[in-house]
Amino acid sequence: MGKITISRETKIGIVVVVAIAMLYFGLNYLKGINIFQSTTYYYAQYDRVDGIVPTTPVMINGFQVGHVSEIFFDYTKEAPITLQITVDKKLVVPQGTVAQVYDNGLMGGKAIQLQLGTGNTLMQPGDTLIASVQNGLMDAVTSALIEPIKAMMPQLDSTLTAVKEIMQSQQIQAILAHTAQATKELEAASANLNGLMANDIQVAVKDIKNIAANFSAISNEMQAVQWDSTLMNIESAIANLEATTNKLKSNDNTLGALLNDNALYQNLDSTVQSANALLIDLKANPKRYVHFSVFGSKEKNENDSKK
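Per numbering that gives the first Met the number 0, residue 0 is the first one in the sequence shown, and the count goes up by one each step.
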């Protein structure tokens, strides 16, 4: 028996077919579809199915039993959207079973939940289930808020009217006018302050720098002064002044005796008073003390001859 030879093209074809089959199986597996499981299908009609797409899971008590296989749209029907629901063929679906669309999670995902009926008659493949849509979380929140909002509308309207009247009152207008005036004055003050900062402050800073430089120079000069010798000279001068003062207080020297001898003071005072009296008498009787005449000697000779 000869060896069977498979051509290269045949091998490539087999690989491609296997890859396609694996891809198909993998995609359906990721969608939750088991292609090896025998299934059957039912229908459900809705007005709207926001978020429902093919492969949307079909659940019973949180367990997935199937998926949405197809979606049909028919304008002629009252409920124009028809879903084909594929489920496990072994699933027993009683009469009165409801296919309810609900939110599957907080992110807005949708799913279909089968609420099995209690009838004794079983539904046949291809029958139409009862359709319903459960209000989602946002719908429940919206419904809960609508009534309170409606109740608040009259109060809100009256509040807005009161606010409008207040805003149109003369007091508010005056306050707004004063606020505008204050804003303008603040802008002017800000401009003046900017000018001050740009000009006068710089000059003041420059003057302060010059003063600081002068103080620094004075400090350097004071540091250069020989304070020890200066203090010694001051102490020597104070000692000399103290010695001079002591001598003035003592009677051992002429100046001290002159300053401290009361008798000498009294004699000097008496002499001054006598001199003062003499000057007064001299002014009052000058002829008593002075004899002056141009022809005094001739008159004297004549008097002597008469004698």
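In case anyone wonders, no lab produced these hints; they're calculated from the structure.
For each residue, glycine too, the CB sits at the ideal point set by N, CA and C.
Any given hint might turn out to be false.
Stated by the list, open to error - If you anchor each label on the Cβ, the simulated ranges turn out as follows:
id	residue 1	residue 2	range
1	Q180	I200	26 to 36 Å
2	D73	V14	40 to 50 Å
3	L115	E146	31 to 41 Å
Taking the hints in turn, this is what the structure says about them:
1. For Q180 and I200, the hinted distance range of 26 to 36 Å is satisfied, since their beta carbons lie about 28 Å from each other.
2. Between D73 and V14 the beta carbons are some 43 Å apart, a value that agrees with the proposed interval 40 to 50 Å.
3. Separated by about 35 Å at the C-beta atoms, L115 and E146 satisfy the suggested range of 31 to 41 Å.
Against the hints set out earlier in the document, no violation occurs for any number.
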